[in-house]
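J.: Sequence:
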Amino acid sequence: MTKGARPTRVRHVVLWLTVLAYMVTYMDRVVISIAAPSIQEEFGFSTIVMGWIFFAFQISYALFQIPGGWLGDRFGPRRALALVVSWWSAFTALTAAAWSAASMIVVRFLFGMGEAGAFPIATRSLSRWMLPSERGWAQGVTHAGARLGAAVTPVLVAFIILHLGWRAPFLIFALVGLAWAAVWFLYYRDTPREHSGVNAPELDMIESALGARSRARKSVPWRQLLSNPQIWLLSAMYFCYGYAIVTFLAWFPKYLDEARGLELAQMGLYASAPLAAGVLGDLAGGWFSDHLFRRSRNLKMARRLVAVAGFLVAGITVPLAVLIADPLVSVACFAVAVFGLELTVGVSWAVTLDMGGEYAGSVSAVMNTFGNTAGALTSVATGYLVTHFGWTSAFNVVAGFALAGAVLFLWLDASRRLYADPASE
Numbered sequence: 000m001t002k003g004a005r006p007t008r009v010r011h012v013v014l015w016l017t018v019l020a021y022m023v024t025y026m027d028r029v030v031i032s033i034a035a036p037s038i039q040e041e042f043g044f045s046t047i048v049m050g051w052i053f054f055a056f057q058i059s060y061a062l063f064q065i066p067g068g069w070l071g072d073r074f075g076p077r078r079a080l081a082l083v084v085s086w087w088s089a090f091t092a093l094t095a096a097a098w099s100a101a102s103m104i105v106v107r108f109l110f111g112m113g114e115a116g117a118f119p120i121a122t123r124s125l126s127r128w129m130l131p132s133e134r135g136w137a138q139g140v141t142h143a144g145a146r147l148g149a150a151v152t153p154v155l156v157a158f159i160i161l162h163l164g165w166r167a168p169f170l171i172f173a174l175v176g177l178a179w180a181a182v183w184f185l186y187y188r189d190t191p192r193e194h195s196g197v198n199a200p201e202l203d204m205i206e207s208a209l210g211a212r213s214r215a216r217k218s219v220p221w222r223q224l225l226s227n228p229q230i231w232l233l234s235a236m237y238f239c240y241g242y243a244i245v246t247f248l249a250w251f252p253k254y255l256d257e258a259r260g261l262e263l264a265q266m267g268l269y270a271s272a273p274l275a276a277g278v279l280g281d282l283a284g285g286w287f288s289d290h291l292f293r294r295s296r297n298l299k300m301a302r303r304l305v306a307v308a309g310f311l312v313a314g315i316t317v318p319l320a321v322l323i324a325d326p327l328v329s330v331a332c333f334a335v336a337v338f339g340l341e342l343t344v345g346v347s348w349a350v351t352l353d354m355g356g357e358y359a360g361s362v363s364a365v366m367n368t369f370g371n372t373a374g375a376l377t378s379v380a381t382g383y384l385v386t387h388f389g390w391t392s393a394f395n396v397v398a399g400f401a402l403a404g405a406v407l408f409l410w411l412d413a414s415r416r417l418y419a420d421p422a423s424e
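Residue 58 in numbering that gives the first Met the number 0 is what sits at position 59 of the sequence shown, and the numbering runs on without skipping anything.
By construction, these hints were calculated from the structure, which means they are not laboratory data. All figures in this text were calculated on a predicted structure; none of them were measured in a lab. Hints may contain errors.
What follows is a set of in silico ranges between Cβ atoms, one per label pair, in the way DEER data are often shown [stated by the list, open to error]:
hint, residue 1, residue 2, range
1, S45, L170, 42 to 52 Å
2, P228, G164, 49 to 59 Å
3, L322, D412, 33 to 43 Å
We put the beta carbon where it would ideally sit given N, CA and C, even for glycine.
Please construct the entire structure, taking both the sequences and the accompanying hints into account.
T.: Here it is as structure tokens:
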């Protein structure tokens, strides 16, 4: 190897594999929201019953965030992520075999157990690979992958359902997940030093920025993490985000079907628009936050400014979107709202790396537990709100949570570690 050799870019391949994982995650979870009208028609489920089916996934997803993060920290992202993707892919397929509300609730609960580990383990997988100056972009582009998966899914699923029935997309998407798990296990390594494709300049670049990590497994310092008020602020903020975004992921197609009277093909296209705008929000939020950090070297300001602005945009535009009579203009306004929400998400996950360091998997698991507890709440609460008070009330609650998220992020300081950094690190 010559002294002037350029660094390899294995870390970028790792990043793009992670982006694909996020896409698969959201494709598999969003498919049921598009299939919901067809499922309700076949089984006669009410809106409230469908809400409990959504709840089964969300509550499982929330409950198993911390075990999922621990799995990645304890056994390494290579094995842990391949395992959980294979698990949830199996239960994606089994959703098509459900024969009643009870069976579907059980299958979706088990599906959520697997998906719960995805984001914490994926975050952990990047913690030893991505440079600090790339973290906001990395988290932005991974979550953009998630939203891209969610955005293309309505159109794909609507097309598949029209031609093959509502069970077919669950089976097709399960195969995609299993294929990804095999590629990940063959390519990824838990540290850059273990990867044969990483040359010395890239290894030096990563280790000089992050520090060479001991290969010995370390216990997660839960006492330090959970006694720090910042982790609870982070989690409360993400609770607000989780309530808002899951309303769009789980209920927006139903809103378009019921409140706007759109047919299946039209509904699939319109449901994709806000999530496509979310892709742009993810990319813009992560990139702009990193740009501010490189210019100012003020990490607290760089993370805070972008996230607060995003929450405010969402809080203002959601109520306007509901009141607008024209469906196309309304959906455009909803798209602006989701763009605002997604400005915050890459920043939020970058903060788990900033604050969590070596224990980013566990920190992100705590944060995501709160976000998906809120998701479980909106899965059920929206069904009851719509049934008794209408869609306007349901979306006004979303706006309230977005504004609360802006206030909470004002108190977050991404430059402060959540634990004492021992000399050995």
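J.: Which of the numbered hints are not met once you compare them with the structure shown?
T.: Checked against the structure, the only hint that fails is number 1, while the rest are satisfied.
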